[in-house]
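Please put together the full structure from these sequences, using the hints given.
2 protein chains.
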Amino acid sequence: MPEMKTIEFTKEMQEYAEGLRRRGQKLSFVPTMGYFHEGHLELMREAKKLADCLIVSIYVNPTQFGPKEDLSKYPRDFARDAEMAKTVGVDIIFYPDSKEIYPEGYQTYVTVEEVTKNLCGLSRPGHFRGVTTICAKLFHIVKPHVAVFGKKDYQQYVTIKRMVDDLNMDLEIIGLPTIREADGLAMSSRNVYLKDNERQSALTLIASLKRAQKLYDEGERKASVIIGEAEKIIKAAPYTEIDYIKICDTQTLQDIDKIEGQAIIALAVKVAQTRLIDNHVFGDVI
Amino acid sequence: MPEMKTIEFTKEMQEYAEGLRRRGQKLSFVPTMGYFHEGHLELMREAKKLADCLIVSIYVNPTQFGPKEDLSKYPRDFARDAEMAKTVGVDIIFYPDSKEIYPEGYQTYVTVEEVTKNLCGLSRPGHFRGVTTICAKLFHIVKPHVAVFGKKDYQQYVTIKRMVDDLNMDLEIIGLPTIREADGLAMSSRNVYLKDNERQSALTLIASLKRAQKLYDEGERKASVIIGEAEKIIKAAPYTEIDYIKICDTQTLQDIDKIEGQAIIALAVKVAQTRLIDNHVFGDVI
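Line by line, the protein sequences give chains S and X. Taking this note's numbering, the leading residue of the first sequence gets -12, the next gets one more, and so forth. Taking this note's numbering, the leading residue of the second sequence gets -12, the next gets one more, and so forth.
Rather than coming from a laboratory, the hints here were simulated on the basis of the structure. Please note: incorrect hints may appear among the correct ones.
Pairs involving identical chains hold if they fit within one copy or between any two copies, as the list cannot separate such chains.
Stated by the list, open to error - Pairs of lysine to aspartate or glutamate residues, derived as EDC-like cross-links and limited to a Cα-Cα distance of at most 20 Å, are as follows:
#	residue 1	residue 2
1	Lys130	Glu159
2	Lys130	Asp157
3	Lys257	Glu216
4	Lys197	Glu159
5	Lys(-2)	Glu87
Right, here's the structure in full:
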């Protein structure tokens, strides 16, 4: 592979990808909204191992933001991102603008119905339709054999996997564990919004997940009891406002009352102005 | 190419198509619901000219039928279809069953919003969502470079083209003119439902389109006048019940009052129990 290449146009990306595929190369893909942190880089490192050519897209997708959400202030820094991408061996950055992605007259959407109903689907109507639509588009443009997602956005990971299976897209979706700061805060581009004292409060997210796992270890299986304890920890901190704390089946993402099979505790909390999410699958290391 | 091959499984079809693509072969595709007539064969002959390998799918897609429509009685005859396909040089028939296409837990749909609202979209809610979803799936399974559709289903053709553009699917959609019986009736698998006297009434569809073109030739541009005249012809015949007769822009498929740019007259008429559609773009040969 020559040095890292940036492609801005759909047709050029498709032709380039098609050429690589014809030559028998395996392509891996990490779709992102940029403003990279260690979590993104870890996805890229893993994706790099899986293929001959690693493609990363950077596109802040407007259709997955609600009208009152942080689209316009979402952090962006292409030059910084490109430098970071180079260090982990990214081969191609696909960096389109919105005219290229949603031209005038655009009117097609992909919807995954069931697994998007609960959790963030409740508080962010239209969000997952935006996510699945942009991912379908990017998969058609980048033509990867494998795409890698972080499991911090667990519902997104399940939704994309479902879309790929249902629509017979011929690629593999891989989910990787959440990468955390030294103090346990899940990495997110939105963490830059947090002031020092807010960041302290944000640590109650991981604390509540740890508490949930501890209760589980002690034999507790009632969702309401575990959720109640997690809630207490978060509510005790200033600036926090819980959007949801739920325990769900890891496949269907439907609420469960009693943990029997594989279950996940997922939460969304607003810390001052910043909405953070995190989750933990019971039994996993935390 | 060896003799015609039938493939029933998604994974096998994908691997076969991927192998052909890697060897530099060009693939063309005609998706059908089977029960072939000359219109289908004409699509296949044209598609055959465009590629090294011609793939035809036969699948009566349940999600594009409404609850009161003719899914269960839709005509089927695979052996006959396979014989007919051979005569026009089809290389592969993809012939899946519904367990393969919509497995348990299926929940993903593709929706094209604007161009599906009018015409058949008004009387067949959910129909185009079924069409776009199955086509997206089939395109991912068959991996064609080009797919060929008949323009008898003009709204379907426009909708699929829109989906492919919007979702950046890397294939070309080609629409071919409607093939007609000697007496002008547009070919359709549903024509077998018509009894002799009903078939006579069905000829008022083409008669009304011809009348519309004649009025246009004489300088008439008011949609209401042309529609009124077309309506008279159809209403004069027994067994007919008009679902719609509309004049629309050929791109947006929105109703127009006065013909200025490219316009289409499209109609749907129930003749006894059989719903027939037909259309004509003003200025085209009829």
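Comparing the hints with the structure gives:
Proximity of Lys130 and Glu159 under a CA criterion of 20 Å is satisfied in both settings, with 11 Å inside one chain copy and 16 Å between copies. In this assembly of identical chains, Lys130 and Asp157 lie within 20 Å of each other by CA distance both inside one copy and across copies; the values are 9 Å within and 9 Å between. Taking identical chains as interchangeable, the C-alpha atoms of Lys257 and Glu216 lie at most 20 Å apart only when both belong to the same chain, with a minimum of 18 Å there against 63 Å between chains. In this homomeric assembly, Lys197 and Glu159 never come within 20 Å of each other (Cα to Cα): the closest approach is 31 Å inside a single copy and 52 Å across copies.
When the C-alpha separation of Lys(-2) and Glu87 is checked against a cutoff of 20 Å, the pair qualifies only within one copy, where the shortest distance is 10 Å, while the shortest distance between copies is 32 Å.
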